[in-house]
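Enquirer: The lines below spell out each chain.
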Amino acid sequence: MRRRLIPVNVVIAALLFILLSLDPDQTKPPKAVMDRGKVIYDKECLSCHQADGLGVQGMNPPLAKTKWVLGPKKQMIHIVLKGFSDPIEINGESFENPMPPHHHLNDQEISDVLTYVRNSFGNNAKPITPAEVKKVRAAIAKGK
Amino acid sequence: MKTFSSIVTLVVLATTPFLTTCAGDLAKKPIGDTTINIHSSKDDEGLTLPSGFSSIVVAENLGSVRHIAVNSNGDIYAKLAKLKDGNGILELKGGNTSNIIGFGNYPGTGIAIKNGYLYASSNSAVYRYKLDGNNQVINPDKPETLVKDLTDRRQHNSKSITLDNAGNIYVNIGAPSNSCQVEDRAVGSKGQDPCPILAYAGGIWQFKADKPDQTISDGVHYASGIRNTVGLDWNSAVNELYVMQHGRDDLHRMFDQYYTVKDNAEIPAEEFLLVNKGDNFGWPYCYFDPKLDKKMLAPEYGGDGKIQGRCADIKKPLVAFPAHLAPNALLFYTGDQFPEKYKNGAFIAFHGSWNRAPEPQAGFFVAFVPMKDGKPNGNWEIFAEGFAGGNDKKASGRVDYRPCGLAQGPDGSLYISDDRKGNIWKITYQK
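Going down the list, the sequences are from chains A and B. This note's numbering numbers the first residue of the first sequence as 1 and each following residue consecutively. This note's numbering numbers the first residue of the second sequence as 1001 and each following residue consecutively.
Only chain A is shown next, with the shape it has when bound in the complex (with noise of 0.2 Å):
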């Protein structure tokens, strides 16, 4: 009989290892979502953030694989409804531009876009729904 070099439940294990060790969430966000994200990104985004999403040497933030992307969704909701200027960091880099509040994005617009952003650029997370910009929305009317 012929002995196997490598037995079939090795294998499987094997196989098994490489499936779960990638990242195990490959939905994307239905088509229609991410079509209207994206033309809401290149509207009220592009210019600065650029169309690979890199953003500008010192001077706009890339969207690509960075924690304010990736990160909490209601920091995310909260940087586009009220802008953002803090001094920060990303690979070493700071940043010059300020980043101007969105609050003229409707719920739905504000959840399309950031759905787009957080599975575009190589980014992979989850969606973002109107609910969640809602309640951002309605914290920061009440000053929180």
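Read the hints as simulated data drawn from the structure, not as lab findings. If you're wondering where the values come from, they're calculated on a predicted model, not measured in any experiment. A few of these clues could be false.
Think about it this way: if two alpha-carbon atoms lie no more than 27 Å apart in a straight line, the pair counts; the simulated DSS-like pairs of lysine-lysine are [said to hold, decoys possible]:
hint	chain 1	residue 1	chain 2	residue 2
1	A	135	A	31
2	B	1082	A	65
3	A	65	B	1393
4	B	1082	A	67
5	A	142	B	1190
6	B	1262	A	43
7	B	1421	A	65
8	A	142	A	74
9	A	31	A	67
10	B	1190	A	82
11	B	1190	A	134
12	A	43	B	1306
13	A	38	B	1393
14	A	65	A	135
15	B	1190	B	1306
16	A	67	A	126
Stretches of chain B that chain A covers, calculated by requiring three or more beta carbons in the stretch to come under 8 Å of a beta carbon on chain A [as the list claims (entries may be wrong)]:
hint	segment
17	1179-1186
18	1249-1257
19	1349-1359
20	1389-1401
Not close to chain B: a few residues of chain A, all C-beta gaps over 12 Å, as computed [to be verified]:
hint	residue
21	67
22	75
23	134
Where a beta carbon is used, it is the ideal one built from N, C-alpha and C, also for glycine.
Once you've looked at the hints, dock chain B against the given chain A.
Expert: Relative to the frame of chain A, chain B by itself:
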């Protein structure tokens, strides 16, 4: 066995997007690469120059080199936007990298040499260092503070400097704003009228070059209504100040009812200005439209791309350069090495654009404006190009180098600095 094959299928399906992503990342990698370093201190094939000119790289990877100055003994001083080993100024003794010393524990942009002193600026102050008979800084750790407490809110905070021949130093104080809206750069936010920023920024101030501890109230408010300037120079041929204004951003993003994406990329010119004492160049109420050849009313103040309004009497630029190219250095050439055409003409280093997106980015070159009697005497032209590293890199803005500083050497050579990696090129001419 059925289970096994379905797992294999699952693994293949699951890894396919993963592999695709990897390949995509690899394909994109050179765009953002920061480590490739192909130049050495020999003839640099990277730069394109007019016939008879050649370039060498005299230094590389120095850091974020903003402005540079070259002393009469050939020493190069480089001002850094980010401290390197705690130092904000590097001195390249003899003009090469064999002996570099660092001092000045503040980041910034401005640096200049005049009458036995080295002048340098942080983002809120101006300092000077006395040089000894051998042109060496006597006390590198204890500069004299000439001007202090200038506005620094990060946006447009470069305090660029130049000196005249009558003991004055001129300092740009850029407006920490795009167009003086109540909420900077926010859609729907009105322009403040009058703009309170103009009291302490958005202009050029003149200070004494030898008086310590001046504040803005000690200075002369030399010119107003200038959004931001990084490149400025005293033109000794006519004894006048000239500056390069960075024009406004975001016409389309904030006012798409009046301006297309292309309008934003092409209209709000970068302006080459002759600055007389007391001049007002109209920011934030006005911008210059090179197609109409007019100063136009900004949309934050009721403009729609067609109304000139209060901007009709505002002084026009000597030259309107394409929008958003970011002129970061200006130098009037006084040397004898270059051909006669270049004498007293203006070299301008364009850092390159970002706000032209989604249109292709542009700039990343050094331009030349021939001048006679302090006025342009012919069309501007590109003098040095090739900093971007190719058309794709230029269009995306993911370039190799960004021209930021200019200086003239004692033998009339032209030096160009880059603040992306920290290269310095020396340009020479031979018949």
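Enquirer: Determine for every hint whether it applies to the structure shown.
Expert: Now for the hints, and whether the structure bears them out:
1. A distance of roughly 25 Å separates the Cα atoms of residue 135 of chain A and residue 31 of chain A; the hinted pair therefore holds under the 27 Å criterion.
2. As the CA atoms of residue 1082 of chain B and residue 65 of chain A are separated by approximately 24 Å, the hinted pair is consistent with the 27 Å bound.
3. This hinted pair checks out: residue 65 of chain A and residue 1393 of chain B have alpha carbons roughly 22 Å apart, not beyond 27 Å.
4. Proposed proximity of residue 1082 of chain B and residue 67 of chain A is supported: the alpha carbons are some 23 Å apart, at most 27 Å.
5. Annotation: proposed proximity of residue 142 of chain A to residue 1190 of chain B holds, straight-line Cα distance about 24 Å (limit 27 Å).
6. Between residue 1262 of chain B and residue 43 of chain A the CA atoms are separated by roughly 13 Å; this keeps the pair inside 27 Å, and the hint holds.
7. For a cut-off of 27 Å, the pair hint linking residue 1421 of chain B to residue 65 of chain A stands: about 23 Å separates their Cα positions.
8. As the CA atoms of residue 142 of chain A and residue 74 of chain A are separated by approximately 15 Å, the hinted pair is consistent with the 27 Å bound.
9. Only pairs whose Cα atoms come within 27 Å are accepted, and residue 31 of chain A paired with residue 67 of chain A is accepted, the gap being roughly 24 Å.
10. The straight-line distance between the Cα atoms of residue 1190 of chain B and residue 82 of chain A is roughly 16 Å, inside the 27 Å bound, and the hint therefore holds.
11. Only pairs whose Cα atoms come within 27 Å are accepted, and residue 1190 of chain B paired with residue 134 of chain A is accepted, the gap being roughly 25 Å.
12. Distance restraint check for residue 43 of chain A and residue 1306 of chain B: the Cα-Cα separation of roughly 23 Å lies within the 27 Å cut-off, and the hinted pair is therefore satisfied.
13. Between residue 38 of chain A and residue 1393 of chain B the alpha-carbon distance is near 23 Å, which keeps this suggested pair within the 27 Å criterion.
14. Proposed proximity of residue 65 of chain A and residue 135 of chain A is supported: the alpha carbons are some 25 Å apart, at most 27 Å.
15. Between residue 1190 of chain B and residue 1306 of chain B the alpha-carbon distance is near 19 Å, which keeps this suggested pair within the 27 Å criterion.
16. Restraint check: the Cα-Cα separation between residue 67 of chain A and residue 126 of chain A comes to about 13 Å, which is no more than 27 Å; the hinted pair holds.
17. Judged by the Cβ-Cβ criterion of 8 Å, the segment 1179-1186 of chain B is covered by chain A as claimed, because 4 of its residues qualify and three suffice.
18. Coverage of the segment 1249-1257 of chain B by chain A holds. Counting CB-CB distances below 8 Å, 5 residues qualify, and the rule asks for three or more.
19. Taking a C-beta to C-beta cut-off of 8 Å, the segment 1349-1359 of chain B contributes 4 residues in contact with chain A, enough for the three needed, and the coverage statement holds.
20. With 3 residues having a Cβ less than 8 Å from any Cβ of chain A, the segment 1389-1401 of chain B passes the three-residue criterion, so the hint holds.
21. No beta-carbon of chain B is positioned within 12 Å of the beta-carbon of residue 67 of chain A; the least distance is around 19 Å.
22. Non-interface call for residue 75 of chain A relative to chain B: holds, since the shortest CB-CB distance, roughly 19 Å, exceeds 12 Å.
23. Every CB of chain B lies more than 12 Å from the CB of residue 134 of chain A, the least distance being 20 Å, so the non-interface label holds.
The earlier numbered hints are all upheld by this structure, with none contradicted.
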